[in-house]
Each structure stands twice: as structure tokens, then as C-alpha cells.
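Following the hints, put chain S in place on chain X, whose structure we already have.
Line by line, the protein sequences are chains X and S. Each residue of the first sequence is one higher than the one before, counting from 1 in UniProt numbering. Each residue of the second sequence is one higher than the one before, counting from 1 in UniProt numbering.
Honestly, the hints are just simulated from the structure, not real lab data. Hints should not be assumed to be uniformly reliable.
[To be verified] Computed beta-carbon distance windows for the label pairs:
#1 S:A435 <-> X:S136: 28 to 34 Å
#2 X:S429 <-> S:N450: 25 to 31 Å
#3 S:S318 <-> X:R265: 55 to 61 Å
#4 S:S429 <-> X:G287: 43 to 49 Å
#5 S:G132 <-> X:E118: 41 to 47 Å
A quick note: this is a predicted structure, and the numbers were derived from the prediction, not measured. Cβ atoms here follow ideal geometry from the backbone N, Cα and C, with glycine treated the same way.
Number of protein chains: 2
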Amino acid sequence: MTEVIAALREALGDDAVRTGEAIGERHHTDWSGHAPAQPRALLLPRTTEEVAAALRICDAHRQSVVPQGGMTGLAGAAVPTAGDIVLSLERMSGVEEIDPAAATLTVLAGTPLQVAQEAAAAQGFELALDFGARGSCQIGGNIATNAGGLRVIQSGMTRDLLLGLEVVLADGTILSSLNKMVKNNTGYDLKQLFVGSEGTLGVITRAVLRLSPPRPQRHTALCALADFDGALALLGHMRRRLGSDVGAFELMWPDFFDLCVSLTRSKTSPFAAAHPMYVLVEMASIGGDDDAGRFAAVLGDALEDGIVTDAVIAQSASDAAALWEIRECTAEFPVALDPINLDISLPIGRIGAFVDECRAAFAAAWPVHRAFFFGHIGDSNLHVTVDGRTSPGATHAGVDDIAYALVRQYGGSVSAEHGIGVLKRPYLSYSRMPAELATMRRIKQALDPNGILNPGKVL
Amino acid sequence: MTEVIAALREALGDDAVRTGEAIGERHHTDWSGHAPAQPRALLLPRTTEEVAAALRICDAHRQSVVPQGGMTGLAGAAVPTAGDIVLSLERMSGVEEIDPAAATLTVLAGTPLQVAQEAAAAQGFELALDFGARGSCQIGGNIATNAGGLRVIQSGMTRDLLLGLEVVLADGTILSSLNKMVKNNTGYDLKQLFVGSEGTLGVITRAVLRLSPPRPQRHTALCALADFDGALALLGHMRRRLGSDVGAFELMWPDFFDLCVSLTRSKTSPFAAAHPMYVLVEMASIGGDDDAGRFAAVLGDALEDGIVTDAVIAQSASDAAALWEIRECTAEFPVALDPINLDISLPIGRIGAFVDECRAAFAAAWPVHRAFFFGHIGDSNLHVTVDGRTSPGATHAGVDDIAYALVRQYGGSVSAEHGIGVLKRPYLSYSRMPAELATMRRIKQALDPNGILNPGKVL
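Just chain X, same shape as in the assembly (with noise of 0.2 Å):
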């Protein structure tokens, strides 16, 4: 045993720190798929000052730190290498407080998102963050990756509901700012650079969230456009007449749309005829006396005015839930096919020329291919699933190459919402200049001299 797992021993105690078979195969990678490997030991602690207790010891030893959620991850930044020591916050768990009066929740890092969500529920409050992974991914890595998801049109990412927060540094020490006011300008806002570093300036042991008033009320419809500026319109359109009570905008490309018709269980297209562009609307509204009738003029007028072609809108839940199962054929998509998957953003009036062209650059690259084009684009994020098993030549590498160059061109950005971890890391100079990131090593270097946080994520 050596030095460093001894002072760890001895500090946070023989349960705490594990090395070996004990380490569960769970913290030797995330969802990224990337490479597992068995770290050199994992240490659980239960509170603050343990992490605190712990960093100091490794920051001495220049102990390499991988912390560690809910390995949700899909960039690869919690995934270890085999000489680092990966620190859970799995036992740091559980909603602290919920204040009324200031619409927050205080909340351990180690935290699953929907135990937060729930908590907050049952208090007559809504948690406006919401994605796939909720039962299994931590508040913790939300705020380490700045998650985004699903309720990012109407509530912004994580970073847009965090006021407060408690971190540890990599020489232990403990910044505590569980701020609950809106109005506090003291100094530099220090949270936010944790917000999205990927564990790679400090870890994250609490937060203070900002809660919102419910919205339950959702009517969802299809639409179909004559083109990608048609979407524009209707967004536009959209935005004007529901402001903040536009709750989706699922923007699918014909690809993307027919593939996942074939996957639905009906197998049927709502629509008689093809149509260049379909999207998915919804307005999410806290309730007024008549929201079914006020989105039925918006999507009445909207039709009227020649922006949309054609529309269906759900007249009951399980029309909705129809209407969404086409555009969440996604989670079939791993078995259906070998998907090759991206997740861009773009300046949104340029998404359309984007997609041509893109389309374009995968048929000179592979003359037999499949490519399905779809996107959140009220919040400009473009994702892009190319099928392995059915372009041949088509590889991980090979799609990346092809659509991060064009990002780079268009001045988009190589990751809207997954980060950048390991697997990105390659690209991240396309979407930030030489300038950004020697700046963002200055950062680094004042937070974390000894390099010893996540070392050889992001940058």
C-alpha cells in the first residue's frame, strides 16, 4: 500500500477508500462508452470536509482526481485512467432544505436529479431540469457539465438555475457560497466557473437551485413546413405570441422524420402527404381558462399566414404521446442501428445551410450512407446520428472530422450540452480561439497549480 492510500486511510477511514476488486466496474467508465479502467482506488466521502481532507492528502502526494457522479456522462469526463484515484459523491446524497419563500433547493451534490425533482414537487414547485439519465445522474455532474435537456427553451441550462454553491479546490480548500438571493453583486461570481469545468477546477459537494411555479399544462402539435425558414417563422411566430410559454421545438428533417415513422408502433405518419420539414410544438403553460384555444389560434394563424403546410394538434394525452413517440424514436435508434451521434450547436439562422452542406460532405465522403438530421433549434442545438451498419467507410472519427470542420466554418460550437471530457478534446480549439484557451489554462493553473484535478479533460 502505498503512501498516499495510507494518509487516505487514515483520514477518511478503511470504508471510505477502496482499492482493487472492491471498486465497482460502475466508476471504471460512464455512458460515453469510452475505454473503462480500474482507478488506483476510489475513496466515498460523506461530507464536505472529507473531500476537503481527501484533496489536501492527494494534492500533497500530486495525487491525480477523477470525481465521479452518476456516470452519466457522455464526453467521457469522469471515466479514470488507471494511476488516478476517482472520488464518488454517491454517499453525499439528499435535499437539505427547500425554502418557499425564496423558490430554492439546497441539495447535496451526490443527489440523483429526480429525488431533487421530486422533493421539489412535493412542495408544490417544479425543478425546471429534466433529461433521460434523471433517475441516475447526479445534481453534482449536472452542474460540473452544465447540463441541459429537455425544458432548456423555457428554463436555460443549469448554470440559468444555479444561485449558489459549494466547492472544494484541489489543495481542500472549501468555498462555501449557498447563496439564495437573485440581486448579490459581491465581487466576482466565483460558482460559475465551476459550472461546466468538467471537474477540472474543484469539486462539487452543494448547491442552492432556483425552483419555478409548475407547469403542468402541455398541448403538443405536429406541423409541416415547406422548408428549414419556414421553421425560423414559426418560431419566431411562436415566440411572440407565447413568449416563455413555448415549451418545444423539435425541429426533424424528412431522414429523421420517415426513419422514425418506421420505428413507431403504428408505423404511420400523421400526415397524408411527405413534406420537407416537420417540427414538434409544445406550449407548457402554468394553466389559464382556455390554453387549448389560444394554441389552436397561434397554430390556426400560423397556418392562415402560409408559415405552416399542414398541422395536426393532440386532442388528448395519448395524442400527444403519439406525437412524441416519433420524435423519442431515439432510444431506439441503438438497436435499429450502429448510430454515430453528434451534438452541435449553431448560430440558428445558419442550421439549414448547415444541414445541406453536411449532407453533402457525408455523400462525397461515403456515396452509400444514412444521416437523420434533428434538433432542439430554439436552443441552436443540432444533433446528427449517421448509421455505421449502413454507410460503409463511416467511422466515429470520420463523421467528427467531417461535421466539426463545417462546425468550425459556421462558427458553431463541437459540444451544445455533452461537454467536452476526453472525447472532444481533439475539437475544442475549432469552437474556441487560441486566446480562450490559454486563458482557460491560466484558470486552471490558479486553481489547480499541481494539475491534479481530472487531468487531461477538456483542455
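Below, chain S alone, put in the same frame as chain X:
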């Protein structure tokens, strides 16, 4: 002429480097009333490259630089000392682009807020940042101070509207991150550091701001309440029923309300009786079919549930203006009083108890005194005004000492929206812990190792 001035003239041209009497008095101090000083020189760069050249020269000469915007700050952050060179952004003015698809506005830092607001309005959008100084303040200063203002309850602080930023570091490095995308998780979000840094970390030269659909429909009411808990109940009730359409929630304690009524033209309270608490509420919406009915129903239910004791709903724009005249009597304070003003934040649920305790502490210190309490409670923001004229012995320092000691005890913020500057520097440690202050210094050291940017401010 010293070497640094000569080098600046060489780089920027004589016209952009002024000294002595050629420096207008407006560059000597800001709206804080801090003691004016004639700086060593005034720089008037025209481009980001000129800002970079100027900072490179100043950094090489260890010459301190004070960035200046519209000089409307209330904490003295832009006030020079005699040894400083001031750098005004006033020549870098103008809206460069409005992107309707992305709903963004790209603007030079020296642009007055009102110019940006009008440019957005001309394209059918709203820039949801507003306050009294709109005609004089500049976008760069708004960002550097994370300005708040009249729209915070609905649209957040300046930080929440900021998508992209161009900033020049002390060594002349240009960080250009003119991002327009909602989702962009590519490394550290560096722009966040400069928001609220009050010119101590970099000079802001350009920004991309988020636009929103206009909310032209306003419905206004004045409510009478039994106590502070009633105000909390009404705020929760309105948020549950109106969601993000709650456009104002201005709480007024009776001392403030009575004074303000006496300062209106009519000198008459809209209520027949006196009440323990008043709140001016507003719904600001994009406009539905029956917004007036919706607003009346929400207030009617609050009356019926006993949350509200009495209410006056404005039936016209002039009714609404008359109600706002009461709240906006603060504009008369400089004439009617010798106002000693505080701008603080507290966790919303504790504001009532704070006011009671603060009032008692003032009474203990100054048996004869007049203090007035009011605030944007939905933003956690409380304002306190003590009248120096009728409060023998009360000084600004005395009021600060008493109130800030209580703010510290209540876990509040000594600056809600005005920033720290020089005036609140002695009290920064009341709201931020030693570890936070030490980490701020680490960041300052990393980005401005020679300490040339706005020395003596904030930290």
C-alpha cells in the same frame, strides 16, 4: 511628458490621448458622489485593437488603468485617482447587428443602453434590461457591474441576458467569444468572470445580448396587506398563477408609503384606511385575449383568500401612472431629504424580520430619526433610506455600519445591484468568506498579474 504617455500617443494618436484640462470633468467622478480626481490621462480608443495596444503599453509600464463607461455607477468603481489613466469606451458605440433568427443583438461596449433598447425595438424585439440611467449608462458598464434594474423579476440580471463577450485582458490579450448560441459547453465559460468584475479583470469591448419578444401589456394594482408574511403569500400566489408574467412586486413599508403619498401631486392615498404593508404589483405579458380578466381574477382570489386586505386595480394607463407615482417618489428624495441610501439583498423569507431589527437598531442609535424601507422583494432586494436632515447624528458611515452588520448576521448581501467599487469595499467581507476573497485574488493575479486594472476597487 512621461514615457508611458508618449508611447500611448504614438500608438493611438494625439487625439485619443488627453491630459490636464483637456480631460472633461465627467471623467473625474461618477454618480456615487465619490470625491473627484483628475486622472493622469484620458484614453479614447476607437477599436478593440487600440484598447489592446493601450493596455499592452500600460501593462509594460505598470501604469494603472480605470475603465469608464457612462459614469452612472453608484459605488465609485469608475472614479480615478490622480495617478490613474482612464480609458473611456465612448467612441466604441453602436449596435453592430441584430440577428432575428438567433434573437441576439451584437453591440459595442460604449453604446448607451437606450440606443440598444431602441435598436431592438425597431426590429420587433425587446432588450429586457432597463433602469433610470438608460440614457447615460453604457452596455459595457452594465455588464461590468452586472446591472439589475426594473426587469429583474421577469428577465434576470444583465448576466442572464449575456451570450457573448469580447474583452481585453491587462496584457492586451483579446478574448473574443461573440457567441450567439444558447447551448455551448466547450470549456470554461470565461465571459462569466468579467460580469460584475467592475473593470478589475479586463476591459469589455463588445457583447452579444439575448433579445425577447416584447411584453407590451401591463396591468397594475396597489394592494394593502396585513404584514410581511402576507406579502410573501401574495408573491407565491401571483407566481403560481401568473408564472413569468409577474412583472413587478414592489413592497412598501408604511413609513415609505406615507412619505411617498405626501410627495405625489394629489397627496392622497388610494386607500381610505392606513395599512401595515403595501405592494405595487404588475403583470407584464405579451398580450392574451383577456389579460385584464386574468389579472383581476388572480387579485380577486387573493382578496377572497384573505391574502390581500384591500386592492386598487388600475383601469387605465393614467390610473397605473398614478400608482407608480407613489413608488417612484424616490426621484424626489434628493430634494425632500438628505437621503442615505442602502442597496442590499436578503434571503426573501427573512426580509421582514430584518426590517424590524434594523429599524430597532436605528432607533437605539438615533432616538430621533426617519428611515424608509421598500424593495423589489421578488428579487430579494431591499432598499433603505435614512434621512440625514431629520436624523441628528446619522451619517452614511453610521447607517452602513449598523445595517451591514445586520446584513452579515442575516446571511445577506451588502450589494444587491450597485456593486462594490470603492464605497462598499470595507464591507465586502461581510458577505463573502475569507476563502472566497482569497480565491478572487487568485483569479485577479492570474488575469492581471501586475495589478494595473482598476486597482483599489472591489478587492
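task: Mind checking the hinted window 28 to 34 Å against the Cβ distance between S:A435 and X:S136?
output: holds, 32 Å
- prompt: Do S:G132 and X:E118 keep their Cβ atoms within the hinted range of 41 to 47 Å?
  reply: At 43 Å between Cβs, range holds.
- prompt: Regarding X:S429 and S:N450, is the given constraint of 25 to 31 Å on their beta-carbon distance met?
  reply: holds, 28 Å
query: For the pair S:S429 and X:G287, does the Cβ-Cβ distance stay inside 43 to 49 Å?
result: Holds - the Cβ-Cβ distance for S:S429 and X:G287, about 46 Å, lies within 43 to 49 Å.
message: Please check whether S:S318 and X:R265 have a Cβ separation lying inside 55 to 61 Å.
response: holds, 60 Å
In summary, the structure agrees with every hint in the numbered list given earlier.
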